[in-house]
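Residue numbers (the working numbering), protein chains in the order written: chain Y, 1 to 149; chain X, 1 to 581.
Take these hints with a grain of salt, some might be off.
[As the list claims (entries may be wrong)] List of simulated lysine-lysine pairs, DSSO-like, C-alpha gap at most 27 Å: (1) Lys213(X) with Lys84(Y); (2) Lys409(X) with Lys213(X); (3) Lys213(X) with Lys86(Y); (4) Lys409(X) with Lys301(X).
[As the list claims (entries may be wrong)] To give an idea of the chain X side of the interface with chain Y (calculated C-beta under 7 Å), a few residues: (5) Phe150; (6) Tyr179; (7) Gly203; (8) Gly224; (9) Gln225; (10) Ala275; (11) Thr278; (12) Ala284; (13) Pro289; (14) Pro579.
Source of the hints: derived by calculation from the structure; they are not laboratory data. Glycine is no exception: its CB is placed at the ideal position from the N, C-alpha and C atoms.
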Amino acid sequence: MVMKILSTPRMERCIGCHSCSLACARLVYQQLSWDKAGIRIRSTGGLSTGFEAQPCLACDPAPCALACPTGAFGQRRGGGVVVKRKLCIRCGACAAACPVDAIYLDPAGEPFVCIQCGRCVEFCPHDCLEMVEPPAATTGDASLPEARP
Amino acid sequence: MIRDYFRVLRVDLATGRGRIEEIDGRDTQAGGSGLAALLFDRMGFPDRGWEDPAQPLILAIGPLTGYFPLMSKVVCAFKSPYHDQYAESHAGGRAALSLRFADLDALVITGKTRRPSCLVVGSRTLEVQDVPYLWGKSVQRTGRVLRNMFVGSGHRSILRIGPAGENRSALACINVDSYRHFGRLGGGAAMGAKNLKAIVILGDASFELPPGKAYAPLFEKIYGQLTATTMMDKYHNLGTAANVAVLNRIQALPCRNLQRTSETDIVGITGETFADRTLLRNTACAGCPVGCIHLGFLREKFKEPNQYLYRQVTYDHEPIFALGAMLSVLDPFQVLTLLETAEKAGLDVMSAGVALAWATEASDKGLISAKETLVPLKFGDAGAYVQAVTHLGLGANDFYRLLGRGTMKAAEHYGGSDFACVLGQEMAGYATGEVFFVSQALGFRHSHLDAGGYAYDQKQKGKEAAAAVDFLVQDEKARVLLTSMVACLFAREVYKEDLLAECLKAVGYGNLAETLDDVARRVQEMRWRIRLKTGFVPESVSIPNRFKQVVTWQGPVDAEYMESLQQAYSQRIREMGKPNV
Ligand code: SF4
Ligand code: SF4
Ligand code: SF4
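Chain Y on its own, in the form it takes in the complex (with noise of 0.2 Å):
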């Protein structure tokens, strides 16, 4: 079975409600938090005023992963990682290494990422969301050597 991932393909259409979210923090991390989530929703302001959401991009290779030094993220197949918080040691890794900052450090360091469950999609109401088939992994052609300044 192929895992889907969570998408924003239509966030031109974001009202900037948090549902989103706030779903994901209630539903996934029992928490009532703007923060606490896999998903986060900013405002753009200046030219393109609108809204943008902080996504999490499923990486596969994930570099979250890859950082982890303990296994408490682990690459999860389609895409994004699987997380065993018991093994966190609240390094920051993860964090420092996503691209596209989508985990959150809480104060006392613990990373809060999307892990594509996908129950936060029902709650926009605008549809900007959606749980999609991954791309094809991109491994990369293994007979070029890694480009290194």
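Starting from the known structure of chain Y, fit chain X with the ligands onto it as the hints suggest.
Below, chain X with the ligands without anything else, positioned relative to chain Y:
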């Protein structure tokens, strides 16, 4: 955070320091309107003027804020620059959730800073910063600068005033997150009097959910009710602007300084036209999936041949009525231009429109001239009104400064009180008849939202003053309960008392849930008690002649009926607000 007391941050601007106070009263006051009244009762000074630095500016949320959808409003309470009595104003945006996540049930601001300043609060922050460079800046410009000065985009709220608030105009609003406002009764001047240009609230804490299994399913049930049904369609679709055409059709839209109640050419400014021609997008208050905020698109040619800029301006029924219908400005883009100008100045758009409508008629009648208004005012002349709105915001001369204290103040000086459209404050956009007029004139906030007087008028229940006043008092009580939670009043059909009790139980306020009727009555009475103590005399509120000449679909307004309504309602207010023994 669920706790059986209130956690209140009290900041003294004079020292830049604050103190967290734990205040009892959760089960008797709930929060919002109830909490604000409690705090004003303790910390306010009924006998001193509104400009006294010791007067508190209060922001309060309720026990359900952030826990359920549309629990998205903040109650702002202060001694009003408009009438120097106790007042409340309500707004949404992200302010309510920001206070929740700053872990504050209320923020109380007293004192005055030496220089123009900005207060920053959060769950781990309290700072008063000097911002002299923002003084004199428009609301929009101030917002842009502040957004870059502080962290937390999307998870914070920025409240600020414009030049009107700095000039202590009683028509000055507090802008919340660009598109919402504590509009009425001069909140902007209450901030200005403290040299407080802006308040930034950082919503940076998180809480465990309440224990037990009831909460999440109840949330989902209510969320489903609010989004799946057609109940909220009207607010999302055309928004409140849909009322323009509806009221016009039944001859209940105040037009041309209430010289008439419908306009043949109304089609230019109906909600339908605004949607077709100007609507750019909707946005929402944080925690509300409805998204009633409508942003219109304003394109301006600033240079030939083809140099354009664009702006986004929020519109609703009330702003369109005030700066459109009342001024006979019947083009949607001209209305948006006026709204934008009023927003810049930090003026309450409703009050500004009604004030200028009076000034236009006073000009027509020769009571004032361009000597006073600086630019000749003529109904329909949008270009002149753009200048006049700016003059009003800046308090450009004696005339505009006086008008900025309220239309009736200017009318008392220059003449023309009989056609000043003032019901306690500048009228709201309903000319439905006697019950509404009295309801706004005597209502606690002088708002169309105090009680559904406009709906009562439309249901034609005969002319029995006692029955009408019973309705107003009961309806006010139900609304006081909602504004103590603090719910958006658009959700009033969903959040009935039983459901509120269920919500409160689900998050752990079982005691409060048991006594909602008592709480509502207590808060209603307490607000009136404070209002009367700060000088309100309901019997002496004058309803200008213009309202007695109104003709609606029901025929001419009955002045005698209005008189008996005022007497009966005044008496009830006296009873509700009688001093505690
Ligand atoms: S958290 Fe960041 S690095 Fe990890 S999978 Fe998501 S986007 Fe990639
Ligand atoms: S997919 Fe699941 S974990 Fe990811 S943001 Fe949505 S609710 Fe949260
Ligand atoms: S639920 Fe949808 S509309 Fe609301 S903030 Fe999230 S993405 Fe935007």
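Taking the hints in turn, this is what the structure says about them:
1. Lys213(X) with Lys84(Y): holds, 24 Å
2. Lys409(X) with Lys213(X): violated, 57 Å
3. Lys213(X) with Lys86(Y): Given that 27 Å is the threshold and the Cα spacing comes to 24 Å, the pair holds.
4. Lys409(X) with Lys301(X): Violated, at about 38 Å.
5. Phe150: With Cβ-Cβ at 12 Å, over 7 Å, it is violated.
6. Tyr179: violated, 10 Å
7. Gly203: Because about 6 Å separates glycine 203(X) from the closest Cβ in chain Y, which is inside the 7 Å limit, the hint holds.
8. Gly224: With a minimum Cβ separation of about 10 Å from chain Y (threshold 7 Å), the hint on glycine 224(X) is violated.
9. Gln225: At 13 Å from the nearest chain Y Cβ, glutamine 225(X) fails the 7 Å test, so the hint is violated.
10. Ala275: Cβ of alanine 275(X) sits 15 Å from chain Y, so the hint is violated.
11. Thr278: violated, 15 Å
12. Ala284: For alanine 284(X), the interface hint holds, since the closest Cβ of chain Y sits about 4 Å away, which is under 7 Å.
13. Pro289: holds, 4 Å
14. Pro579: violated, 40 Å
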